[in-house]
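**Q** All chains, full assembly: derive it from the sequences and hints.
The lines below spell out each chain.
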Amino acid sequence: MEAVLSITVGIFFAVGIYLILSKHIIRILLGVTIFGNAVNLTIFTAGRVVREVPPIIPEELDVPASITANPLPQALILTAIVISFSFFAFLLVLAFRAYQELGTDDTDGMRVAEPEREELPPLGY
Amino acid sequence: MAGETSKVVDLTGKMVLDPVPLADWLVVAPVAIPIVAGAIFLMLRHETKLHGWLALVALTATLGANIGLLARVMENGPLVMTMGRWLPPFGISFTADTLGASMSLVATLVAAACGVYSVIDIGRVGRRYGFYAFMLMMMAGVNGAFLTGDIFNLYVWFEVFLISSFGLLVLGSEHRQLDGATKYAILNLVGTMLFLTATAFVYGIFGTLNMADIARSVDGARDTAPLMTLSVLYLLAFGMKAAAFPVNFWLPASYHTPRLVTAALFGGVLTKVGIYALLRVMVMLFPPELERLSVLVAWVAGATMILGTIGALAQTDLRRLLGFIVISGVGVMLAGLALGSAEGLSGTIFYAFHSMIAMTALYLLAGMMKGLGGSYSLAKLGGLYVGYPLLAAMALILILAAAGLPPASGLWPKVMLVRASLDAGAPWLAFAILATGFLTTLALGRVFILTIWRPSPAGEMPEVEPYPTGKAYMALGVLILPILVMGLYPDPFIKVAGEATAGILDASGYIQSVFPQGGGE
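Residue numbers (our numbering), protein chains in the order written: chain A, 1 to 125; chain B, 1 to 521.
Worth flagging that the hints you see were computed from the coordinates, not collected in a lab. Here the structure is a predicted model, which is why all the values come from computation and not from measurement. Just so you know, even glycine gets a beta-carbon here, dropped at the ideal spot from N, CA and C.
Now the in silico label distances, taken between C-beta atoms and shown as ranges:
1) Glu101/A x Lys14/B: 53 to 61 Å
2) Tyr489/B x Ala89/A: 44 to 52 Å
3) Val53/A x Gly68/B: 41 to 49 Å
4) Gly68/B x Arg117/A: 49 to 57 Å
5) Leu120/A x Gly77/B: 51 to 59 Å
6) Tyr489/B x Arg111/A: 44 to 52 Å
7) Arg48/A x Arg85/B: 20 to 28 Å
8) Ala39/B x Tyr18/A: 36 to 44 Å
**A** Spelled out as structure tokens, the structure:
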């Protein structure tokens, strides 16, 4: 199981990074999302994959009857999903506003904050 | 299911049963107060007249809590408060040691000065769009990052201040801001995701995310675990946050676009959170790995320092120039990290205190120059000496501070760092630090000559809108006072930095405070 998950994680990372290296913001955003999911799957795999038994202790026992799933990675992933989802929503709006205002989603064309031909600082007094 | 349970579960040994001493609530106060205040600001969106005063009250309260916390930590050693009463490593601990508490104190001081200045800079519209709510939430995130004892929690606090900083960055929706914010947002997000990846592997290897727990079990795992990979990932992720050389280009692209007071807060505080995280993780958790990476870190430090100042020399816009000065300061701090010795790390921590205050003050100074001279452009400003001698004096002190010259605060940490690098047999690193000081003097000295000494290029002073000079002087004064104290009477600061260094070099006190029974090793 781990091997399959590891390969999936690798593919996700590769796809995510490939998309992040693109020039267009919308592709970069898709890449960021896939990258985020790759990280979440990494946490899941790092938390050891065991039988899908919920970690609930029966009333008459002190410890679980069998090996249970590890609940902590799920809590961590849940946190990470919520955060990355809100970020993605914000970034989508930001990208849309940038596209509206700047008329491009090509990062090479976005030169408002860093103009191409800046004036030189004064050279004499 | 029957309502009553037949077994009585023994919770001693699993939960914290004693109530938390009242004074220990100080550990969460620097985070809780800004969060509550931020929520109040959201409720009072329309009462914009109240905002300025309320923000000052909230920031002063946070500052008071931070002072109390640092005093307690200096006296009693690290303070711990565990959430949900589950004993660590299951419960999440807030752990304040000297490093975290002192960084949090300085960051809040900087925020308080920005709070004073924001009365000038943030108009009614900015308040309606939640400037103060974002600012206080950001401070909650920053203080949380400084005080948390859990590495996943550190990630969460990073995200808290990151999303608030996005909000601050786009406040105003100018074209420049949207452009800068897009680059800032995406690159910082990638940085924190790398951080989360590394944290996933930490969990996979150690099965715990509590930093004290990792610190005590890391030696046992050293032979089998891929710790080198982990440390490089952390170095990259936090280097990105701190704007170290190859991954620094988001900073000059975005820091000059927002409102001035936002830029001041960012320039002062945010990169130092990256430095703090590097100190915490690399020095406290993975010191042997850091030692093996020291040559790499030293090269990164040297490149960051020199290229930052050279970038500053090429700028016309005052705020962009300051962005590059922030970057070169990060390089100086990384130099101490590369050395790894007690003196080098103390120098780094002291420099971080200095840099937070001095960078914010320089940005506020730029804001005053814009307010009085009508422009941020070095080509257009001039003749500010006429009419504003106090401004000229403050500018001179700040430039001396940033360049590391007496009598201001930059001198002593640089002396410590230069001495540490000479002791460590790295004279070229000492040379890089001194060369950076020289180039910074050139870059900022040119600012001084062009904006203050040179007669106004337009012939006479331009007509500007009325500017509340008194409030601006007050905000700058709040920062210049500690700069001068640090420069003239550095002993207490060196002592705090030294204790902070001792606390991360030998984590036993930190571990002991989290695991009082049977911890230590």
